[in-house]
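Asker: Position chain B relative to chain A; hints supplied.
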Amino acid sequence: MQRILAMAILSLSAVFFGLTTLIVFGKVWREEVQRHRRKRRRELEPKLLAYAHGDAASLLPALGGELRRGDRAVMEQILLDHAQRVRGSEYAKLSRALDELGYVDALIRQLKSRRWWRRAEAAEKLGLGGAKRACEHLIPAMSDEMAEVRMRAAKALGTLGGTSSIRELVHALNEPNRWSTIRLADILTGMGRSVVDELTSYFDSLTLAGKLAALDILGRIRPLHTVPWLEQRLDDAEPDVRARACHALGCIGDPRTAPLLVRALDDEAWPVRAMAAKALGKIARAEAIDPLCSAMRDAEWWVRSNAAHALRAMGPRGAEALEDVLDSEDRFASHQAVLMLEEMGVIDQRAQHLVGGDGGGRAEAEMFIKRLIAVGQIGRLRALAADPANAELRAVLLQLLPAAELQTEAGR
Amino acid sequence: MAAARILIADDDPITTRFVSSLLEGEGYEVLVAEDGEHAMQLALQHLPDLIVSDLVMPYRDGYEVLRALRNNERLTAIPVLILSMKDREEDIVRGLEEGADDYVVKPFNARELVVRIRKLLRRTKTRL
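Protein chains in written order, with the working numbering: chain A, 1 to 412; chain B, 1 to 128.
Chain A on its own, in the form it takes in the complex (with noise of 0.2 Å):
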């Protein structure tokens, strides 16, 4: 028995010594590899980086006319890291010595890797390497099984730019329960003008979710020429397309299309008229006010909040048409118009004067606060009267405010 238990014990210790040894071998190896590496990128990356300053057209030379294969590691890491930091002719420099090396037929090779981390990196590596050969291999990636792959692949040609490859990013929105709407979404907005033509060619065979999302990629892109074929979208049968047509609209900012705008006002579709309202106030012409003033007294809670936003983004003159909404009928637009000029400091200017002003500006400003006793919201006049630093303005308020309060409580 003694002795079973004493070679049960010598085998264990022998397993725990044997597994230390090799954790230990290991970590000197890694380490030794990492020292190794770093070694080499200290005397290889001057080389690469004189080549992409100078004027040579092949890097070979300066390594000696080929790269150890003990370096390949090395080298495609030197090589990806500065090609991700600059752009113009020394990207295109580095972008050339990345295929000259071989390093861009070896990731389309692990571009079909049966492991999909491997296919995802290399996916991602060509990208960041601007292979641009590689497109037409990244496309196939984009139909990849693991969703890793695909969106490596769809950034990757993102990068790489180039018709085949928006054609295919936008056509990949049509299908958001395998894609990412919002990452591909930022992955055409990136690629900046190119892709709007695309995305206008192919607008009508788009599903209703590509559709919105070509449509936000405008309004973020904001492509001036794309202003027409815009507004023909104001009359599509789909109200969320007219309603994201109203908002790309409103993002790109012309004024010539204040007056389609402010038709979409009158939408049968609440979504619609809510963004009109929301694009007015971007574009803050004046003829959006009046409409504005209107859509204040909307239906739809959207459309009301919409557009007092709208007038209170038009500045003095939005704040004039907020203190006309001050008298309306419309307990909402009224108390909504309290809102944004508290928002704007309004309220706040014009009880100033009510201490600071001259004789007609007190006037004006005691008329002022009385329409927004009327109204019944006088949480700031409150906030006002109760703040000590101004003695003054407090008296005159709390002789206005007591008389408000009754006038409001009788109005319940």
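Calculated from the structure, these hints are not laboratory results. Treat the hints with care, since some could be wrong.
[As the list claims (entries may be wrong)] Pairwise CB distance ranges (calculated):
hint: 1; chain 1: A; residue 1: A57; chain 2: B; residue 2: E26; range: 13 to 23 Å
hint: 2; chain 1: A; residue 1: A391; chain 2: B; residue 2: R67; range: 34 to 44 Å
hint: 3; chain 1: A; residue 1: W302; chain 2: B; residue 2: R111; range: 25 to 35 Å
hint: 4; chain 1: A; residue 1: F25; chain 2: B; residue 2: E26; range: 42 to 52 Å
[What the hints assert, rightly or not] If we take Cβ atoms under 10 Å as the criterion, some of the chain A residues that face chain B in the derived model are:
hint: 5; residue: L49
hint: 6; residue: A50
hint: 7; residue: I78
hint: 8; residue: D81
hint: 9; residue: H82
hint: 10; residue: R85
hint: 11; residue: V86
hint: 12; residue: S89
hint: 13; residue: E90
hint: 14; residue: A106
hint: 15; residue: D197
hint: 16; residue: Q232
Yeah, the Cβ is synthetic: ideal placement off N, Cα and C, and Gly gets one too.
Answerer: Here is chain B on its own, set in the frame of chain A:
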């Protein structure tokens, strides 16, 4: 004539190696700081002719470095070029408002960077 001395302040060693090699190739003398604090120390010690600075750095960010430079009598005239990944309009405007003389967004075009640096150095020399 002595080569112009340029201080690069950036916590990304790959960027500093790239820019150093680029500027040394153009004949400039290059100093490197890996954070804002170190950049200020080197600036005071060596009085560079120009500073290329990132905005996001440890200890003192680029904006703080700009403010410290502009508030220091010895360093206030040194032109500063911001080289940053921050590409939003408000970042660029803030950088220029805080006292930067030029702003280049990463990833950057190396030739464009060299030309901008050359112009800034020429302008400073003319002023002196």
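Asker: Out of the numbered hints, which ones does the structure contradict?
Answerer: 3, 14, 15 and 16
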